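**Student:** Protein sequence lines correspond, in order, to chains A and B. Counting from 1, position 366 in the first sequence corresponds to residue 365 in numbering that gives the first Met the number 0; the numbering is continuous, with no gaps. Counting from 1, position 184 in the second sequence corresponds to residue 183 in numbering that gives the first Met the number 0; the numbering is continuous, with no gaps.
For the record, the hints were derived by calculation from the structure and aren't laboratory data. Note that this is a predicted model, so its numbers are computed, not measured. Where is the CB? At the ideal position from N, CA and C, for every residue including glycine. Please note that a few of the clues may not be correct.
What follows is a list of derived Cβ distance ranges for each label pair [unchecked claim]:
hint, chain 1, residue 1, chain 2, residue 2, range
1, B, I114, A, D335, 49 to 59 Å
2, B, N1, A, F186, 55 to 65 Å
3, B, N1, A, E90, 22 to 32 Å
4, A, A118, B, S120, 25 to 35 Å
5, A, G140, B, I114, 23 to 33 Å
Pairs of lysine-lysine residues, derived as DSBU-like cross-links and limited to a Cα-Cα distance of at most 35 Å, are as follows [as the list claims (entries may be wrong)]:
hint, chain 1, residue 1, chain 2, residue 2
6, B, K159, A, K208
7, B, K23, A, K192
8, A, K116, B, K23
9, A, K168, B, K158
10, A, K168, B, K23
Okay, here's what each chain looks like letter by letter:
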Amino acid sequence: MTTKIINQKKSLFLNLEKLILTNFKNYTSERVNFSPTLNAIVGKNGMGKTNLLDAIYYLCMSKSNFSGNDRNVVQKTHDFFRLEGQFKRKEKKEKIVVKVIPGKQKIIERNGTAYSKLADHIGLFPVVIIAPDDTSLVTEGSEARRRFLDNTLSQSDPNYLTQLMRYNKVIRQRNAALKNMAIQHRFNATLIKTYDQQLLEPAALIFEKRKSFLEKIDPIFNEFYQKIAAHQETVQFNYKSKLIENSLEELLEENLEKDRILQRTTAGIHKDDLAFHLDNSPLKQFASQGQIKSFVLALKLAQFDFLKKIKNTSPILLLDDIFDKLDSSRVKQLLDLLLKNDFGQIFITDTHETRVEEIVKDLKIGYKKMEIKDGQCID
Amino acid sequence: MNFSSKLIEEAVNAFASLPSIGKKTALRLVLHLINQDKEVTGQFAEAIVKMREHIKHCEICHNISDLAVCEICSDARRDRSVVCVVEGIRDVMAIEDTSQFRGLYHVLGGVISPIEGIGPSDLYIDALMQRIQKGEIKEVIMAISPTIEGDTTIFYLSKKLKDMKVKVSTIARGVSFGGELEYADELTLGRSIVARVPYRINE
Ligand SMILES: [Zn+2]
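Extracted from the complex, chain A is given alone in its bound form (with noise of 0.2 Å):
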């Protein structure tokens, strides 16, 4: 009984043993090792740690978290960046490399064979990044709450990256078409017809996925919240969408003039959003700081949590400057939380040289400690 108990455990793994840099960010050649478990990445501010969390994110998601232009990923000076991960995954050795001429050539191998569709590669090597700028799931506008939608989703479907990627290739071609149309003089009505009902399909899919994310991700997430947060606030987030009420075709319908005024499409899934409350007030307005941060963390852990059922594989957990969030006995609540359950690997930076260090030594769990200066580790 024992035995089989281990053996399920040891197929959840998903983990990075080695990763090789070349010319990302401010590593020029490194080669580092991880722990299976956990990885505390110490150093001081501006030498590295987070570019070697976005490494490990970029071999995952296929691109940068911090960055959308490749050019800003390549060493200055360089042309061309290489990463190089050896992974364990579900017992097997696999290996990704990522290949990039920013603004001319990006290619992913694994196990030695390019994927034909970068698109492809989504969702094999679960991942989650927790970083400083997760508040601006709060602070900025709709755009940042629907990339934590789809990035979630993503990961978790496959199918669903496929219906997103159609869903805006047709809508980019409606706009063109309505811009066309407005610049000629000629309103061609079939066509838009046409597009409206091209959209019917991926528009449905998508917005049930993300009805049915955000319904099973809200119980964990009071939960998260409840445990991190100093007091006992009640948070909540609601799934705002037109689609709701109405469906896509009556939408499209009745904002036709609009959108043939705007030359854009106005009504859609493409403008879904999420509303964050505390208390029943909206989080932007009424919360502190603190409370802003300890809501992201429990959504980004609720996200955590929703990949690891549905992949039957803890993602990859990256915890990028997690004492800004967190003061170090919540950190440790945290980590045990974390680490309590069949956990997946962790990787923990902080400019404190031993403070990932003692709080690990009181949870009796293998970690590594390797310190980063100037886009060297030094293990």
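Keeping the supplied structure of chain A fixed, place chain B with the ligand upon it in accordance with the hints.
**Tutor:** Showing chain B with the ligand alone in chain A's frame:
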């Protein structure tokens, strides 16, 4: 590359302007032509000039043609009740190679893609409607690649054809086209034309 002759340089640049021909290949071709009889290169050049001078687009189906009406459209043995709608002339060649289709064609000249500035009026869509209005055509087969823009085009055409008395079908989707019809292997493409499926708009 450094040439000792201005004449060679010009000829190399001309060849290198063609798709998938680099400077090295261009030079090899030019040097090859130098070793040929003048008569041979004369015929070679003449073939290109003549082709470009006299090639036409068929005024019925918009396929390439030597005459005002192409060989397919003027072939009395072909079934005039079925028309296969394709994006380009290479699709006509690919389907002809299968020997599985005995009807006529209609070349659209692309697919609807407003992002690239191509709207329905930039394609031979009205010409297709006029052909169908004449009443001889009973079935329209859409052999258009299964991309988002291909889907839009098929969808748009079916809407336009809804009130006309024609059967609309598509060649089986999910056939391994590799994106474009011309890359489909003959057997698969031939089979999918024979096994075409009725197209239905869910409205
Ligand atoms: Zn013809």
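**Student:** Any of the earlier hints contradicted here, and which numbers?
**Tutor:** 3, 7, 10
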